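Whole structure, please, built from the sequences with the hints as guidance.
Line order of the protein sequences matches chains W and U.
The numbers in the numbering used here rise by one with no breaks, and the one at position 83 of the first sequence is 83.
Whatever position you read off the second sequence (first residue = 1), add 1000 for the numbering used here.
Just so you know, the hints here were simulated from the structure itself, not pulled from any lab data.
None of these values were measured; they are calculated from a predicted model.
Backbone N, C-alpha and C define an ideal beta-carbon position, used for all residues, glycine too.
Careful, some of the hints might be misleading.
Said to hold, decoys possible - To list a few chain U residues with every Cβ distance to chain W over 12 Å, as calculated: (1) P1007; (2) A1018; (3) S1030; (4) K1059; (5) Y1074; (6) A1077; (7) Y1082; (8) M1108.
Stated by the list, open to error - Listed next, the stretches of chain W that the computed footprint assigns to chain U, with coverage defined by at least 3 CB atoms under 8 Å from CB atoms of chain U: (9) 42 to 48; (10) 103 to 112.
Given next are the chains, with one letter for each unit.
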Amino acid sequence: DAGITQSPRYKITETGRQVTLMCHQTWSHSYMFWYRQDLGHGLRLIYYSAAADITDKGEVPDGYVVSRSKTENFPLTLESATRSQTSVYFCASTGIGGSSYEQYFGPGTRLTVT
Amino acid sequence: QQPVQSPQAVILREGEDAVINCSSSKALYSVHWYRQKHGEAPVFLMILLKGGEQKGHDKISASFNEKKQQSSLYLTASQLSYSGTYFCGTERNNAGNMLTFGGGTRLMVKP
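So, in structure tokens, the structure goes:
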């Protein structure tokens, strides 16, 4: 189906484990983003990518790693999960080139670190 | 650097109007508005660009004061479906598509 999807939708993991959250979009959007959403903080940008093989840090990148070998995929890895990384994670993508295009959000992944 | 939204929460009756404000301390290129319903992803409503261009929803309007780096979202004749949390996302000059989101305004519309 066309759109932007995330997997898994729910994940429970233990402190210290590595976790990868997947994001896939079918629009060939050049820009992709990872946000985390916590109560009282709104949406905070973790990492973003302007194109395949081009990634950059956002506001809260510590403890996270991203890669983008293909335009359609943008996985986010928590190298060693901590309780403070318990959150809802949203992936988003936006249109071809330029700026100020609307962002399309995936359904989110609810991650709990115990 | 997070933009400040006000009010934090508002309760309306159907048909009433509301204004949600978003203020930044940084020079902005654009302001985006999104609505998020409980348990769902944010959904785009509106983009306001520096220079006055506006794109978005035909039942919701907004303004962008470039001098004050402030934007306001106007919800008129509110409907039950307007309930949710509204976020502004600000884009600074030459920041590409990077948005910094405010903390959100929770809107509840009652019958």
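How the hints compare with the structure:
no. : hint       : in the structure
1   : P1007      : 15 Å, holds
2   : A1018      : 19 Å, holds
3   : S1030      : 4 Å, violated
4   : K1059      : 17 Å, holds
5   : Y1074      : 19 Å, holds
6   : A1077      : 24 Å, holds
7   : Y1082      : 19 Å, holds
8   : M1108      : 17 Å, holds
9   : 42 to 48   : holds (count 5)
10  : 103 to 112 : holds (count 6)
In this structure, only the earlier hint numbered 3 is contradicted, and the remaining ones agree with it.
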